[in-house]
Amino acid sequence: MFDLLQSFCDAERCFNLLAEQKNYFRVNTIKNSIEEFFSFSSLAHEKTPIPFAFSSSSSLGPTWENFLGHIHIQSLSSMLPAIALAPEKNDIVLDACASPGSKTTQMAASMENEGAIVANDRKNRLPPLLANISRLGVLNTVVVSRDAKKPIREGYFTKVLVDVPCTALGAWQNAWKRFTPDMAKSLGRVQKAMLISTFDSLKPGGSLVYSTCTYTKEENEEVVAYLLEKRKNAKLVGIDIPHQILHENGLSEYGNEFRKVWRVYPWHLQSEGFFIAKVVKE
Amino acid sequence: MASPKRGVFHRKGGEGMSFNFKRFCEERFGIVFPKNIVFEEKKEGIRAFVKTLLPIGIKGKRGILVYAKGPTNAFARTFGKLATKNTAGVDEADAKNLFQNIKIKNAGNLAKNEYFIVFLKNQPVGVVFCDGNFLIPAKNKRPRTKKSPKKKHLKTLTPNFSWG
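Each protein sequence line maps, in turn, to chains P and E. Per this note's numbering, residue 1 is the first one in the first sequence, and the count goes up by one each step. Per this note's numbering, residue 1001 is the first one in the second sequence, and the count goes up by one each step.
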């Protein structure tokens, strides 16, 4: 199985580096500005390319800062999809697979707790999502439990984030042990249905970010290529992140335009592996 | 308006008395909410959210639960900084106990049968109800999973609980 993974990424390097990834946290700017936060917290931290994110060598879980919602523990690369989407105060955002809510709450912070976010996930995954929303003081979110394979409301949302369920090869060191090609293919089918339905929920002129924490092309480029084929008004655009983030471009076997998508590997940020694509609806 | 009795949720129109949470917070804690915050009464209690969610019209859980048989800890942690009265400072040991739903002694002679917002190092940590001798914390709800039951979860987290 490892050889199969090696065919589309430097699997050994990915998994080895994943074990050495740093602890990252994000300052919850809904509660305090970054300056205010560090005026009362003595949490050991180092700067990262993202201004509101920091790495720490100490254990972040059992701290008051975490319990009281002043920080949120989140890998650096998982902050990228929400930055790429760049939701603003007046946006109506759909987060199709929201739980446990790291990206939802990050978007709420960048929207300054204004506008609206519809956070959707399966019913059994809602408790951690609701707990994080409550802990971080997010007031601009409606939590719903709908089938993400069907549009929640067609042509309504100005921005959509689809962080789909995936084989998690980029996030979990032992994921390759349970990985099978069939697993990637069957998840790919679900991801395609989710991407199509969420794209249909998007307002013309709106933008959508599709992300996974895995490396297989069946779950990444192939899914986005499927959307471009099925929906002629979908246009792949470049990812504009105003910070210096190392990354690789998407696999060009799906066409030159796939150079616009990002593949973030563990050696880029000492964090999880991620795939990010941005699409606009014309 | 008097504070509601602990454990009693006054429903709208119930027995001629409507519990106005906004007014309760204003009178009890001196909290003046920002104009864009709205409240809705649900079966589980009162939820607070921003006005911009009103036109969405998609059914679901909006914002955070601020009142459920009493003001919640989420309410204190989100809006506690706006409180101008009926607040109480605690030390780290007491805050840890409150976090584990353990009642603490009423050392500051706080008024009986009233709610207080508790602060640790100028940061709101939760709400307590004073029964005269003890300060009883509003319960901390945590998601429970089969793998990490509540008790085990808290036990693991407690020993190194600290700022920074």
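Since the hints were derived computationally from the structure, they do not count as laboratory data. Everything numeric in this text was worked out from a predicted model, so none of it was measured. Heads up, some of the hints might be wrong.
Computed footprint of chain P on chain E, listed as stretches where at least three residues anywhere in the stretch have a Cβ under 8 Å from a Cβ of chain P [said to hold, decoys possible]:
1. 1055 to 1062
2. 1071 to 1078
3. 1082 to 1089
4. 1120 to 1128
Think of the CB as a built atom: it goes at the ideal place given N, C-alpha and C, for glycine as much as any other residue.
Now the hints, each set against the structure:
no. : hint         : verdict
1   : 1055 to 1062 : holds (count 6)
2   : 1071 to 1078 : holds (count 3)
3   : 1082 to 1089 : violated (count 0)
4   : 1120 to 1128 : holds (count 6)
The structure shown violates just one earlier hint, number 3.
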